[in-house]
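Enquirer: So the chains spell out like this:
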Amino acid sequence: MRFRSIAALSLAGAMLVPLAACSSSGESKNEIKIAYQRATDNNSRVMDNFLTGVKKEFEKANPGKKVTLVPIQATENDYYTKLDLMMKSPRTAPDLAYEDTFLINSDIKAGFLQPIDSRVKSWDQWPQFQDSAKKAVSGLDGKVYGVPDGTDTRGIWYDKRVFAKAGLPANWQPKSWDDLLAAARAIKKKAPGVTPMSIYTGKANGEAASMQGFEMLLYGTDDQLYNPQQKKWVTGSKGFQDSMSFLKTIYSTGLAPKPSQALDANIGTNIATDWFPNQKIGFSIDGSWLASTWLKTGAKPWADWSKNIGWTAMPTQHGQAPGKTSMSGGWSWAITRQAKNPDLAWKFITAMQTEKNAAKYDNSAQNLTVRKDVAADPSYLAAAPTVKFFTDLVASTHYRPAYAEYPKVSTVIQEQMEAVTTGSSSPTQATAAYDKAVSDIVGGKTTKESGTK
Amino acid sequence: MAITQAELPTSGAGTVAGTRKGPSRRSVHAAGKVAANLVLVVIGLAFLVPLLWVVTTSVAEGQTLRVQWPEHFTGANFANVATTDILFRPLLNGLILCGGGTLVTVVVAILAAYPLSRYKSRLKRPFLLTILFTTGLPITAIMIPVYAMFTQLNLIDQMWSATVFMGSTALPFGIWLMKNFMDGVPVELEEVAWTDGASSMATLRRIVLPLMWPGVIVVTIFTFIGMWGNFFVPFILLIDPNQLPASVSIFTFFDPQHGGVQYGQLAAFSIFYCIPVAVLYLVMSRRLSGSFALGGALKG
Amino acid sequence: MTASTTAARPGAAPEVSGAARVPLRSRTFLRGLPLLPAVVLLLVFLAGPIVYCVYYAFTDMQLTGQTTTHFVGLANFRKAFGDDRFYNAILQTLVFTVLSAIVGQNILGLVIAMLFRLATKAVRSIVGALVVAAWVVPEIVAGYLLYAFFRDEGSLNEILAFLHLPQQNWLYTMPILAVSLANVWRGTAFSMLVYSAALSEVPQELTEAAAMDGAGLWQRFWHVTLPTIRRSVATNLMLITLQTLSVFGLIFAMTKGGPSNKSTTLPIYTYQTALQSYEIGYGTAMALVLLVIGALFSLVYLRALRPEAD
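Protein chains in written order, with the UniProt record's numbering: chain A, 1 to 453; chain B, 1 to 300; chain C, 1 to 310.
Treat the hints as calculated values from the structure; they're not laboratory data.
Please note: incorrect hints may appear among the correct ones.
Said to hold, decoys possible - In silico EDC-like cross-links for lysine to aspartate or glutamate, where the CA-CA straight-line distance does not exceed 20 Å:
| id | chain 1 | residue 1 | chain 2 | residue 2 |
| --- | --- | --- | --- | --- |
| 1 | A | K300 | B | D240 |
| 2 | A | K300 | B | E71 |
| 3 | A | K408 | C | D152 |
| 4 | C | K79 | A | D440 |
| 5 | A | K436 | C | D152 |
| 6 | A | K55 | B | E61 |
| 7 | A | K258 | C | D152 |
| 8 | A | K109 | C | D60 |
| 9 | A | K66 | B | D240 |
| 10 | A | K280 | C | D152 |
| 11 | A | K436 | C | D83 |
| 12 | A | K56 | A | E76 |
| 13 | A | K280 | C | E153 |
| 14 | C | K79 | A | D435 |
What the hints assert, rightly or not - Away from chain B, derived, C-beta distances all over 12 Å, residues of chain A:
| id | residue |
| --- | --- |
| 15 | K56 |
| 16 | A61 |
| 17 | D78 |
| 18 | Y79 |
| 19 | R91 |
| 20 | Q125 |
| 21 | K189 |
| 22 | A303 |
| 23 | S306 |
| 24 | K347 |
| 25 | Y403 |
| 26 | K448 |
Idealized CB from N, CA, C, for every residue including glycine.
Start from the sequences, fold in the hints, and give me the full structure.
Expert: Here is the structure:
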């Protein structure tokens, strides 16, 4: 009897084994695997559709070659955890990985990616890419590790209906932070019940807080986070403190959402799906993709949005040149260090980055192009009323100093923003706390000098 | 309903103490019953209200975080999620993964619980303590080395290995609970069978198990629920998207950075997602009450 | 029908110790044989990775951002014990566990189980089903439900407004209380089931006799019921404490640990450190501290179980 039960158990085990056999596929010289983040939104399988299309063309043009798509469906942070784990092991490393420029430098430093300088040098399409985008995919060693496939910029979205009530122009062009405050005060006075303005803040909003929020302010001052000449992080800058003071002003005088609303991780959703459509907010510093929420396929379809909503550039602090500022992220395709077929992988990148395919992707993804030829393509410019405006912002945009320390620095920024938002720290205290934390993270290699000349 | 029942104090199943104690006791008892029913109704409402959001949002046209009576009813949310990619395949994968994992946990835990419950050994207590302590470890903490191990042993991206792993992570709790239940089955019954020459495995199957079905069921439900909601383990161990369970695919409704959460679809999906667990509980608990009666009968 | 079956008959299942019939050694082996599958699985899938984790805790391992990993001795632990946020996380974990498990789930579960013995069948089954429904809702869904319940415009505030009671944004003003209540909502079913079973085995004659002697409701509970179900209480407390210590998804979905880290429990802080800042070494070191906290709790409960267990 004893043996019978053991036999039953091993039988159960044996039944499971065939399952194993069918899922392990042989690695061949003719196959490439492509790992990317599947948008966590069922209505937009944009990347899936795009890649499937290119895959079909590619397999037809290269008989005998096989392209395997490995979508990773998760929030960005979990996507990165999994991608890094996969790239770490030779058995699971994909040939091509879709890398956020935010983290590509961490992965370069970890040795997950291979440089592609020799490949891009002989590639006739490479001159079409803008220099700022090329910089965003380069490592500290100066080598190129990825091909950018688009970017985003950030600006100000405002509700013309609310502006009319507050006596503000429908064609609004703020020239300085003071203009922003003046508009917000007018809204507070003349349109009670409406939240005058919003800037993302706090840890719950993650990178949206540091990038759409804080860095949109900081990069409009005379200071930045990082000094590229000295290759050091900047501490104790006046711009940093001024940016914190701006936050304090709007959050302590009722010009921004209540701290309890602002620190809610869903505020982005609320602004896009509720506050703007229902005239609950004056203006918001937000991403170039905001309007995609209101498309037919979006979370909150809104046919009349372009009549009611305006968009404009974020001014610099005092209107100093070039008068406006923006921050950009964006994604890129990188060949992994452990890739089994790097040559084929490169070939696939070039198939994705023909002018035609690049324009096709940017159009369907509501993505901003980093290619000069696509930027002049009439079909691209006609895809949405906002495309031209936000593409033009690329000229005055900034990329984050996305080095390996950046994610940690970014967390510190979010925490200090949160402290100022709730009023538990003054801007001076927040700046001091940031300086200390950054110095700890980068091992004391900081500078008081700002990166801008 | 509570009131009418309470007015007839001698009816109903829950008569506990003092039905034969005369009129004063009876009225005290009736008052207690009314009070108990009232308090329970309040508690029940407190458990009900948060659940309402799923129901109202799933059938409402606008998608919000508010609980409100929908202005326009729609089945669109259900229709949108009821596709193979979004719903059915992930549910099926989840059933294979969590069903298999639960089976592993329950079978292995029963086998392990038997010697732990029946025999004395110096190693027993340290063993039980050790496995107990591991239940406090967040499983996310060990996933990095587990991934490394799975790639080394070529176990990654395979349903069966992920299933066995999930079964193993639930084992400490399963063994601990199962051993406790088994302790409750009197050993005298088995001694009779042993003297008749039956092996310990035979007595386990024929005598112990039938008496501890409630325990087995509790472990089954508990284990399954834990696995059914587990996102991180299948997400890390499985790569092919066609193998991922519903606990991973539910994240299709979250896109906080770009465009926001699809509340309506999330709610509709959640309802589908809860069905298997609810069915399991209903089926199992029916069995539970049946064997309760049995247990009571045997005790005389 | 749960762990409590033990409790109802303290000292049941005396160990079969007199091993006289078969030679001792082979007997021990055969007896231990059914343990084998469990031991193998536990060693391979849990002990192995945990040993690795212990090793990681003494290194500066990162998921990305550096190529090599170095042994750093106790540096991670030293860092943790000099980190205010780590102390905050321990405090939040303890508050969360005490509020939601030891007080909330445990007492509410016991109260419901006791009321069930007085209530009518219809009320019992409907309320029981609702409590269990909250239990079977998957964690991420529960997180969203309760987020919607506690938020500024949520149902709780609407109810409070209806009752003319003061409202507030619970997730902002007292996030740890909100997530604790959420965990009570989600987890009470387990305690309820455990205590229902335990109470069903309290001999009626005992309570009746006590009632005849004029003992009040409270006295009967304190002197008759509670001592009888003592072992169930200890077992239940141990299990729910260990479960609650490692709760992650519920809190993360509701507050992400905020605002201002006011609901950052150790599992949240570990996740943020290991998988958001990619510091595997440091994060793992903190996870081990959590393991120790769980062990300490268990030892306390085991003490309560002891006199009759051995």
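Enquirer: Sort out whether D240 (chain B) lies within 20 Å of K66 (chain A), counting only the CA atoms.
Expert: Given pair K66 (chain A), D240 (chain B) holds - Cα atoms ~16 Å apart, limit 20 Å.
Enquirer: Check the hint pairing K79 (chain C) with D440 (chain A) against an upper bound of 20 Å on the C-alpha distance.
Expert: holds, 12 Å
Enquirer: For A61 (chain A), which was marked as not at the interface, is the minimum beta-carbon distance to chain B over 12 Å?
Expert: About 26 Å separates A61 (chain A) from the closest Cβ of chain B, which puts it past 12 Å; holds.
Enquirer: Classify the label on K448 (chain A) as holds or violated, using whether its beta-carbon is more than 12 Å from each beta-carbon of chain B.
Expert: holds, 34 Å
Enquirer: Can the restraint linking K109 (chain A) and D60 (chain C) be considered satisfied, given a maximum Cα separation of 20 Å?
Expert: holds, 15 Å
Enquirer: Is it the case that K189 (chain A) keeps its Cβ farther than 12 Å from each residue Cβ in chain B?
Expert: Check passes; 29 Å lies beyond 12 Å.
Enquirer: Taking only the CA atoms, is the gap from K300 (chain A) to E71 (chain B) under or equal to 20 Å?
Expert: holds, 16 Å
Enquirer: Given the hinted pair K79 (chain C) and D435 (chain A), is their alpha-carbon gap at most 20 Å?
Expert: holds, 19 Å
Enquirer: Report holds if the minimum CB distance from A303 (chain A) to chain B is greater than 12 Å, and violated otherwise.
Expert: For A303 (chain A), whose nearest Cβ neighbour in chain B is about 15 Å away, the distance exceeds 12 Å, so it holds.
Enquirer: At 12 Å, judged by beta carbons, does K347 (chain A) keep clear of chain B as stated?
Expert: holds, 23 Å
Enquirer: Run the distance test for K56 (chain A) versus E76 (chain A): straight-line Cα separation, threshold 20 Å.
Expert: This hinted pair is violated, its Cα atoms lying about 27 Å apart.
Enquirer: Does D78 (chain A) clear chain B by more than 12 Å, comparing its Cβ with all Cβ atoms of that chain?
Expert: violated, 7 Å
Going down the numbered hints, you'll see the structure goes against 1, 3, 5, 6, 12, 17, 18 and 19, while the others check out.
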